[in-house]
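In the order they appear, the protein sequences are chains H and W. Going by this note's numbering, the residue at position 133 of the first sequence is 135; the numbering climbs one at a time, nothing skipped. Going by this note's numbering, the residue at position 513 of the second sequence is 531; the numbering climbs one at a time, nothing skipped.
It should be emphasised that the hints constitute simulated quantities derived from the structure, not laboratory data. Just to be clear, a hint being listed does not mean it is correct.
Unchecked claim - One-sided and incomplete, this derived list gives chain W residues near chain H with beta-carbon spacing under 10 Å:
#1 Lys193
#2 His195
#3 Asp272
#4 Met277
#5 Trp280
To be verified - Calculated pairs, DSS-like style, for lysine-lysine (alpha carbon to alpha carbon, straight line, at most 30 Å):
#6 Lys167(H) to Lys271(W)
#7 Lys164(H) to Lys43(W)
#8 Lys224(W) to Lys435(W)
#9 Lys167(H) to Lys332(W)
#10 Lys198(W) to Lys81(H)
#11 Lys271(W) to Lys193(W)
#12 Lys286(W) to Lys81(H)
#13 Lys543(W) to Lys332(W)
#14 Lys347(W) to Lys117(W)
#15 Lys271(W) to Lys166(H)
#16 Lys184(W) to Lys164(H)
#17 Lys184(W) to Lys166(H)
#18 Lys174(W) to Lys173(H)
#19 Lys193(W) to Lys64(H)
#20 Lys176(H) to Lys193(W)
#21 Lys332(W) to Lys198(W)
#22 Lys198(W) to Lys166(H)
#23 Lys43(W) to Lys184(W)
#24 Lys176(H) to Lys271(W)
#25 Lys286(W) to Lys148(H)
#26 Lys224(W) to Lys81(H)
#27 Lys36(H) to Lys64(H)
#28 Lys173(H) to Lys198(W)
#29 Lys193(W) to Lys148(H)
Cβ atoms here follow ideal geometry from the backbone N, Cα and C, with glycine treated the same way.
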Amino acid sequence: MIIPRKKLNLWERLYLPAIIGGFKITLRHFFRKKVTMQYPEERWVVPDGYRGAPYLVEDQDKRIKCVSCQLCEFVCPPKAIRIVPPGPSGAPDVGNVEKAPREFEIDMLRCIFCGFCQEVCPEEAIFLMQDYSLTGTTRQEMIYNKEKLLALGGVHQDNIRKWKKKAEEAKAQKVPP
Amino acid sequence: MPNPSTGETQFISPSGMIKVKVDGKDLEAPRTMPDPISGKPLPTTMIQACALAHVDVPHYCYHPKLPVAGNCRMCLVEFATPALGPDRKPLMKPDGTPKVTRSPRPAIACATPISPGVEIYTNTPAVKQMREAVLEFLLINHPLDCPICDQAGECKLQEYSVDYGKSDSRFVEPKVHKPKRVDLGPRIVLDDERCILCTRCIRFTKDVVGDDALGIVSRGSYSTLTAYPGRTFDNNYTLNTVDICPVGALTSKDFRFQMRVWFLKETKNVCASCATGCNIIIGSREGKVYRFEPRENDAVNSNWMCDYGRLNYKWIGQADRLRQVQSPKSKVQSPKSNGQARNVQVTAERLLLSGQGSIWKSVIAEISTKLGQIPPGSAAIIASARQTNEELYLLSKLAKKLGALTDSVPRTGEGDKLLLNSDRNPNSLGARLTGIAADPMGSNLPKIADGIRSGKIKTLIVFGEDVTKHGISTELLAKLETLIVSGILPNETTRLAQYLLPGCAHAEKRGTFTNSKGRVQKFLKAVEPPGDARPEWEFLHELVFAVAGQDGFATIEGLFNQMAQDVPAFKGLTWAGLGDTGITVPV
Numbered sequence: 003m004i005i006p007r008k009k010l011n012l013w014e015r016l017y018l019p020a021i022i023g024g025f026k027i028t029l030r031h032f033f034r035k036k037v038t039m040q041y042p043e044e045r046w047v048v049p050d051g052y053r054g055a056p057y058l059v060e061d062q063d064k065r066i067k068c069v070s071c072q073l074c075e076f077v078c079p080p081k082a083i084r085i086v087p088p089g090p091s092g093a094p095d096v097g098n099v100e101k102a103p104r105e106f107e108i109d110m111l112r113c114i115f116c117g118f119c120q121e122v123c124p125e126e127a128i129f130l131m132q133d134y135s136l137t138g139t140t141r142q143e144m145i146y147n148k149e150k151l152l153a154l155g156g157v158h159q160d161n162i163r164k165w166k167k168k169a170e171e172a173k174a175q176k177v178p179p
Numbered sequence: 019m020p021n022p023s024t025g026e027t028q029f030i031s032p033s034g035m036i037k038v039k040v041d042g043k044d045l046e047a048p049r050t051m052p053d054p055i056s057g058k059p060l061p062t063t064m065i066q067a068c069a070l071a072h073v074d075v076p077h078y079c080y081h082p083k084l085p086v087a088g089n090c091r092m093c094l095v096e097f098a099t100p101a102l103g104p105d106r107k108p109l110m111k112p113d114g115t116p117k118v119t120r121s122p123r124p125a126i127a128c129a130t131p132i133s134p135g136v137e138i139y140t141n142t143p144a145v146k147q148m149r150e151a152v153l154e155f156l157l158i159n160h161p162l163d164c165p166i167c168d169q170a171g172e173c174k175l176q177e178y179s180v181d182y183g184k185s186d187s188r189f190v191e192p193k194v195h196k197p198k199r200v201d202l203g204p205r206i207v208l209d210d211e212r213c214i215l216c217t218r219c220i221r222f223t224k225d226v227v228g229d230d231a232l233g234i235v236s237r238g239s240y241s242t243l244t245a246y247p248g249r250t251f252d253n254n255y256t257l258n259t260v261d262i263c264p265v266g267a268l269t270s271k272d273f274r275f276q277m278r279v280w281f282l283k284e285t286k287n288v289c290a291s292c293a294t295g296c297n298i299i300i301g302s303r304e305g306k307v308y309r310f311e312p313r314e315n316d317a318v319n320s321n322w323m324c325d326y327g328r329l330n331y332k333w334i335g336q337a338d339r340l341r342q343v344q345s346p347k348s349k350v351q352s353p354k355s356n357g358q359a360r361n362v363q364v365t366a367e368r369l370l371l372s373g374q375g376s377i378w379k380s381v382i383a384e385i386s387t388k389l390g391q392i393p394p395g396s397a398a399i400i401a402s403a404r405q406t407n408e409e410l411y412l413l414s415k416l417a418k419k420l421g422a423l424t425d426s427v428p429r430t431g432e433g434d435k436l437l438l439n440s441d442r443n444p445n446s447l448g449a450r451l452t453g454i455a456a457d458p459m460g461s462n463l464p465k466i467a468d469g470i471r472s473g474k475i476k477t478l479i480v481f482g483e484d485v486t487k488h489g490i491s492t493e494l495l496a497k498l499e500t501l502i503v504s505g506i507l508p509n510e511t512t513r514l515a516q517y518l519l520p521g522c523a524h525a526e527k528r529g530t531f532t533n534s535k536g537r538v539q540k541f542l543k544a545v546e547p548p549g550d551a552r553p554e555w556e557f558l559h560e561l562v563f564a565v566a567g568q569d570g571f572a573t574i575e576g577l578f579n580q581m582a583q584d585v586p587a588f589k590g591l592t593w594a595g596l597g598d599t600g601i602t603v604p605v
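In isolation and in its complexed conformation, chain H is listed as follows (with noise of 0.2 Å):
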């Protein structure tokens, strides 16, 4: 199909009326709030509900919620997070809970903050927090393990409270938990 071309008038040749339409836009974005930012000194404030980089949490009474069930290991598409299991003598100082990770690491070079971790927790251990930009100078520094990922993640308000209550229950019942 040819387009035929539209021949430009008078006003349109003159060239200059449209170089002034064109100025008058620029400057109006002088007068307008600023978009950019000084970054890294500036950081963009991100939503509620932001996924960033995954971190452990703790429930109020500083029990680390995550049992190593390894789901999140399992689901996990790059394959970032690494979980040693507590071996047989399980983890003694959290009560009726039975497990807890020995050594949790996350290598936030592999992550991609895809969130399948935070949803096929079972324990609601673990979230994408608001974090997005993870700097390290070396490769070692960005496998983060268990106790960075505590810190990081701080506590989590739990109402639920299984094990707490489970540990009750039999206690109430008068049997050894």
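Based on the hints, put chain W in the right spot on chain H.
Showing chain W alone in chain H's frame:
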């Protein structure tokens, strides 16, 4: 016997099989099947007929290798029997098919015998409702702690809840709590809350092992599995109860909280701890062996294996495994201090990077030149009956070429009447059939020692044994001109070796063992060997080729088939023909 007056004949095939229908599919089932324990014929049950028809009936307490208990009610099915007229003859529909009467009540498929013409329905709405209800009852007091339960992933309660259960619970009362972490015995931990009281473990230990150690106390929701007071559950077969436990009540102390089962790669292998040769599945992940489990083979071990064999795997991943090829040249720079050791390691790693083959190639070439020059009769070979048939066959070829005296080391222990053999070598018979072992095994060892002492034997080839513990002392070994050793773990003999060839565990290579009854069984590779270590048959093949000049096969399949042609006892066998469960050869 069919009774003609009841018209049963119509439902019995000429060969005496009973004609039944499972979910509308016609099936001919035998009238009786052998009892799993005594072998006596028992009437065929509905669940056996369903299994023959490849129809799955969910079940907890039923196990094909245990007596029937019929307590879980999970296998409830509906059925119908042929309708009979006043003349006791089956009534027919207009289309010529027999008319049936639906039974008003369901039946448990595991304990109801089939009768001629019976029709079994396993997926009617009523059956589905019944399964749902049974599961709801089982879950009333179940703790639902799947995230911390080792059984998760292979738990029948989980699987059937997904397949047949309801997603929600109507139960609002507090659950009944029972003891957790009960120490039943040296290898078993019991979580009573998870137990669904199927009594499989009780029947197993009573009827299969003959150690009546377990029972249930209390009643109703408070029923609790326990060992008899003052007794521990410590026979040599306790860990089988962990396998047959449909839930996570019985857990293995060894495997407890080690790895989730869905990560484990399952490899078919054979237990190498005694001459029974139980078929096993090796569960491994990323080069680490986590557990052995029995694999069904009715000709050898049924569904069971002993705890001794099951737990005898830790040496495979031991840190001090031999991982470097050594020759006199590399020994000259042999390190004494740790710093040097690290250097040697680095050198070895660089060699590895340049291709594992290169170091092996030069050492094999060196050894074969040496062996090619020695006069006949001046060498001896001490093999191990823990080696595979193929390796022993290659060694026998080498022995023939060198005119060498050969033998292997006997290894005995206490056996039992079930599975554990007093011969603790997995392949004693293979060593005899390939002509490596003397008769009786080990009787050539003193002759070899004498030969070394008199100076007649100047070259000794040792595979997988510490000969210093079997009559050939370190002083005698020092007298040798050449000592070639292949091994897996370090010992006195490997320390004195001039040529050290690191070998593989049975989990790290392919091959076959011949068990005490002459069953040739193959096993497959589960994990990679550490460092330079290579399967013995691989480098033996190269060595035999270089020394004897006979071309062989560079694949295990070809090697096995060649051995089957050369060794009369293995005549007619092929690698492919062995299948997963092996073939018994006459011995």
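Results for each hint:
1. Checking lysine 193(W) against chain H: minimum C-beta separation of about 7 Å stays under 10 Å; hint holds.
2. Annotation: interface hint on histidine 195(W) holds; nearest CB of chain H at approximately 4 Å, less than 10 Å.
3. A hinted interface residue such as aspartate 272(W) counts as satisfied when its beta carbon comes closer than 10 Å to some beta carbon of chain H; here the least separation is about 7 Å, so the hint holds.
4. Below 10 Å, beta-carbon pairs count as interface contacts, and methionine 277(W) has one with chain H at about 6 Å; its hint therefore holds.
5. The beta carbon of tryptophan 280(W) is positioned within 10 Å of a beta carbon in chain H (closest approach about 6 Å), and the interface hint is therefore held.
6. Of the supplied pair hints, the one linking lysine 167(H) and lysine 271(W) holds, its CA atoms being roughly 27 Å apart against a limit of 30 Å.
7. Between lysine 164(H) and lysine 43(W), the direct Cα distance comes to roughly 48 Å. Violation of the 30 Å bound is thereby established for this hinted pair.
8. Distance hint between lysine 224(W) and lysine 435(W) is fulfilled; the C-alpha atoms sit about 15 Å from each other, no more than 30 Å.
9. With a C-alpha separation of about 39 Å, the suggested pairing of lysine 167(H) with lysine 332(W) is violated against the 30 Å cut-off.
10. With a C-alpha separation of about 34 Å, the suggested pair lysine 198(W) and lysine 81(H) falls outside the 30 Å cut-off, and the hint is violated.
11. For a cut-off of 30 Å, the pair hint linking lysine 271(W) to lysine 193(W) stands: about 26 Å separates their Cα positions.
12. A distance of roughly 27 Å separates the Cα atoms of lysine 286(W) and lysine 81(H); the hinted pair therefore holds under the 30 Å criterion.
13. Among the hinted pairs, lysine 543(W) with lysine 332(W) is consistent with the structure: their alpha-carbon atoms are about 16 Å apart, no more than 30 Å.
14. For the hint pairing lysine 347(W) with lysine 117(W), the CA-to-CA distance comes to about 87 Å; that exceeds 30 Å, so the pair is violated.
15. Only pairs whose Cα atoms come within 30 Å are accepted, and lysine 271(W) paired with lysine 166(H) is accepted, the gap being roughly 25 Å.
16. Distance check on the hinted pair: lysine 184(W) and lysine 164(H) sit about 21 Å apart at the alpha-carbon level, within 30 Å; holds.
17. For the given pair, lysine 184(W) sits about 26 Å from lysine 166(H) by alpha-carbon distance, which is consistent with the 30 Å threshold.
18. For a cut-off of 30 Å, the pair hint linking lysine 174(W) to lysine 173(H) stands: about 29 Å separates their Cα positions.
19. The straight-line distance between the Cα atoms of lysine 193(W) and lysine 64(H) is roughly 26 Å, inside the 30 Å bound, and the hint therefore holds.
20. Distance hint between lysine 176(H) and lysine 193(W) is fulfilled; the C-alpha atoms sit about 13 Å from each other, no more than 30 Å.
21. A hinted pair counts as satisfied when its Cα atoms are at most 30 Å apart, and lysine 332(W) with lysine 198(W) qualifies at roughly 28 Å.
22. For the suggested pair lysine 198(W) and lysine 166(H), the alpha carbons sit about 15 Å apart, so the restraint of at most 30 Å is met.
23. For the hint linking lysine 43(W) to lysine 184(W), the alpha-carbon distance of about 28 Å falls within 30 Å, and the restraint holds.
24. At most 30 Å may separate the alpha-carbon atoms for a hinted pair to count; lysine 176(H) and lysine 271(W) meet this at roughly 26 Å.
25. The suggested pairing of lysine 286(W) with lysine 148(H) is violated, with an alpha-carbon distance near 36 Å, which exceeds 30 Å.
26. With a C-alpha separation of about 46 Å, the suggested pair lysine 224(W) and lysine 81(H) falls outside the 30 Å cut-off, and the hint is violated.
27. Using a Cα cut-off of 30 Å, the hinted pair lysine 36(H) and lysine 64(H) is violated, with the two alpha carbons roughly 43 Å apart.
28. With a C-alpha separation of about 12 Å, the suggested pair lysine 173(H) and lysine 198(W) falls inside the 30 Å cut-off, and the hint holds.
29. Of the supplied pair hints, the one linking lysine 193(W) and lysine 148(H) is violated, its CA atoms being roughly 34 Å apart against a limit of 30 Å.
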